[in-house]
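Using the hints provided, position chain C relative to the given structure of chain D.
Protein sequences appear in the order of chains D and C.
According to the UniProt record's numbering, the first sequence is numbered sequentially starting from 1.
According to the UniProt record's numbering, the second sequence is numbered sequentially starting from 1.
Just so you know, the hints here were simulated from the structure itself, not pulled from any lab data.
Fair warning: this is a prediction, and the values are worked out from it, not measured in the lab.
Worth double-checking, as some hints may not be accurate.
The list treats identical chains as interchangeable, and a pair is accepted whether it falls inside one copy or across any two copies.
What the hints assert, rightly or not - Below, simulated SDA-like cross-link-like pairs (lysine to any residue); rule was C-alpha separation at most 25 Å, straight line:
no.: 1; residue 1: Lys205; residue 2: Gly35
no.: 2; residue 1: Lys55; residue 2: Thr209
no.: 3; residue 1: Lys205; residue 2: Pro50
no.: 4; residue 1: Lys55; residue 2: Gly210
no.: 5; residue 1: Lys133; residue 2: Tyr106
no.: 6; residue 1: Lys202; residue 2: Leu144
no.: 7; residue 1: Lys202; residue 2: Thr48
no.: 8; residue 1: Lys55; residue 2: Arg78
no.: 9; residue 1: Lys202; residue 2: Ile64
no.: 10; residue 1: Lys202; residue 2: Pro114
no.: 11; residue 1: Lys202; residue 2: Ser82
There are 2 protein chains.
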Amino acid sequence: MRDVFQQELSEVQDRLVDIANHVIVSIESAVRAFGDSNVQLAEQVIATDPLIDDKAASLDELAIDIIARQSPVARDLRIVVSALRISASLERMGDLARHIALLARYRFPMQVVPESLQPTFAEMGARDIEIAKMLRDLLETQDLSLADRLETADNHVDQLHRDVFSHVLGTTWEGAAHTTVDATLASRYHERFADHAVGIAKKVKYLATGDWTGDDDARSDMAPEPVRPAGVQD
Amino acid sequence: MRDVFQQELSEVQDRLVDIANHVIVSIESAVRAFGDSNVQLAEQVIATDPLIDDKAASLDELAIDIIARQSPVARDLRIVVSALRISASLERMGDLARHIALLARYRFPMQVVPESLQPTFAEMGARDIEIAKMLRDLLETQDLSLADRLETADNHVDQLHRDVFSHVLGTTWEGAAHTTVDATLASRYHERFADHAVGIAKKVKYLATGDWTGDDDARSDMAPEPVRPAGVQD
Numbered sequence: 001m002r003d004v005f006q007q008e009l010s011e012v013q014d015r016l017v018d019i020a021n022h023v024i025v026s027i028e029s030a031v032r033a034f035g036d037s038n039v040q041l042a043e044q045v046i047a048t049d050p051l052i053d054d055k056a057a058s059l060d061e062l063a064i065d066i067i068a069r070q071s072p073v074a075r076d077l078r079i080v081v082s083a084l085r086i087s088a089s090l091e092r093m094g095d096l097a098r099h100i101a102l103l104a105r106y107r108f109p110m111q112v113v114p115e116s117l118q119p120t121f122a123e124m125g126a127r128d129i130e131i132a133k134m135l136r137d138l139l140e141t142q143d144l145s146l147a148d149r150l151e152t153a154d155n156h157v158d159q160l161h162r163d164v165f166s167h168v169l170g171t172t173w174e175g176a177a178h179t180t181v182d183a184t185l186a187s188r189y190h191e192r193f194a195d196h197a198v199g200i201a202k203k204v205k206y207l208a209t210g211d212w213t214g215d216d217d218a219r220s221d222m223a224p225e226p227v228r229p230a231g232v233q234d
Numbered sequence: 001m002r003d004v005f006q007q008e009l010s011e012v013q014d015r016l017v018d019i020a021n022h023v024i025v026s027i028e029s030a031v032r033a034f035g036d037s038n039v040q041l042a043e044q045v046i047a048t049d050p051l052i053d054d055k056a057a058s059l060d061e062l063a064i065d066i067i068a069r070q071s072p073v074a075r076d077l078r079i080v081v082s083a084l085r086i087s088a089s090l091e092r093m094g095d096l097a098r099h100i101a102l103l104a105r106y107r108f109p110m111q112v113v114p115e116s117l118q119p120t121f122a123e124m125g126a127r128d129i130e131i132a133k134m135l136r137d138l139l140e141t142q143d144l145s146l147a148d149r150l151e152t153a154d155n156h157v158d159q160l161h162r163d164v165f166s167h168v169l170g171t172t173w174e175g176a177a178h179t180t181v182d183a184t185l186a187s188r189y190h191e192r193f194a195d196h197a198v199g200i201a202k203k204v205k206y207l208a209t210g211d212w213t214g215d216d217d218a219r220s221d222m223a224p225e226p227v228r229p230a231g232v233q234d
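This is chain D alone, in the form it adopts within the complex:
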């Protein structure tokens, strides 16, 4: 029975890694679509997002089935419950990649953001891709040093997010209202993508260290924040 359970946990893990791989492809394509104004790539991201949703839903069914059949307790139960939460966050990361792609498609053949902001978004996109890959590796190897590196990369994304707002709210900004709206939302999508990855990394870390008290998303949103321009609280 125990062996069967371990096999099933391993199946859950494989599926999380598989979903993470799909999220990597989505964010890579979305970032390229956004940066290069590539509408075909954007369409691809939008078209394949339901696949990620289906995979997450199917993993949830498996997790619930495992709980029902195996009645795990203690740490085993927490691992399966965490898988449910991790799949929800991965699914949301896929949605955010899709939102970035939707912006690229909507503005095609124009760029979503003006030239002055493109280096910042390119950097933010590169960090998001890096974070998605670290997350996949963390789910695959449980190497907790990746969780710490991932948090560092997220701090970098937060800084870039603030940079976007400093620029938009600065005296040299000449963007039309629609450009300001797009830059605001695009920056937020990039930042939330990284946030979800950090939330997942924390769950993996807490499962490994046994400190359950940290296993909730709320805290990540409650951290004291540096002073930011208004509206950059999330």
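Using the frame of chain D, we list chain C on its own:
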């Protein structure tokens, strides 16, 4: 054993209703703080958000404990797992109320949005409050007609969200970039608040009707959308 389980389910339900009541207070105060530029109320929302987070975390612990002790299966298990998801969404609704309050505090003593947008935001805020109350009632009474009414109210919020963007992107908009940023984020917070409520309502509905296939968040974000101004996809 069965009676104990039913008692525990009833405790879970009571706690969800309790958290929903706190969310109602938060969104009511946040909407008033936002509309009246009331910094004391904004501070209150910001200060009490950790209470909602703690209540959600504590409910999660209870739910996991129930699964471990009672080994529920089939519908019973799905009810407890859904409680985990519902608490996460309620917690997030509290965060969004907090984000609205943060905007109000940041711009105090000024209004966050110009006079031309205030009626739209007042209406959106009123709908969010109404939605939070319907959600609380739904969790308390399981009256599924509330789920349908809630979805109708959410459609109204979506329309108001589009109205905000039509206005911001229209020819008469003279807001500075920071006002455009604030209006964009504020509108999104109001809209996401309602989205989370709809997600919860769907879970309650699916639990009651036994149609598990609909019990995932992904779908709500995949619905075909009316043509919107760019950047209003989420």
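Hint by hint, here is what the structure shows:
For the homomeric pair Lys205 and Gly35, neither the shortest alpha-carbon distance inside one copy (33 Å) nor that between copies (41 Å) is at most 25 Å. With identical chains, the CA atoms of Lys55 and Thr209 are at most 25 Å apart between copies only, with a shortest distance of 23 Å across copies and 28 Å within one. In this assembly of identical chains, the alpha carbons of Lys205 and Pro50 lie at most 25 Å apart only when taken from different copies (22 Å versus 29 Å within one copy). With identical chains, the CA atoms of Lys55 and Gly210 are at most 25 Å apart between copies only, with a shortest distance of 21 Å across copies and 28 Å within one.
In this assembly of identical chains, the alpha carbons of Lys133 and Tyr106 never lie at most 25 Å apart, being 27 Å within a copy and 36 Å across copies at closest. For the homomeric pair Lys202 and Leu144, the shortest alpha-carbon distance inside one copy (10 Å) is at most 25 Å, but the shortest distance between copies (36 Å) is not. Taking the shortest Cα distances, Lys202 and Thr48 sit within 25 Å of each other only across copies (24 Å), while inside one copy they are farther apart (27 Å). In this assembly of identical chains, Lys55 and Arg78 lie within 25 Å of each other by CA distance both inside one copy and across copies; the values are 21 Å within and 19 Å between.
Taking the shortest alpha-carbon separations for Lys202 and Ile64, both the intra-copy value of 22 Å and the inter-copy value of 18 Å come in at or below 25 Å. In the homo-oligomer, the alpha carbons of Lys202 and Pro114 never lie at most 25 Å apart, since the shortest distance is 35 Å inside one protomer and 40 Å across protomers. For a Cα distance limit of 25 Å, the shortest separation of Lys202 from Ser82 qualifies both inside one copy, at 11 Å, and across copies, at 22 Å.
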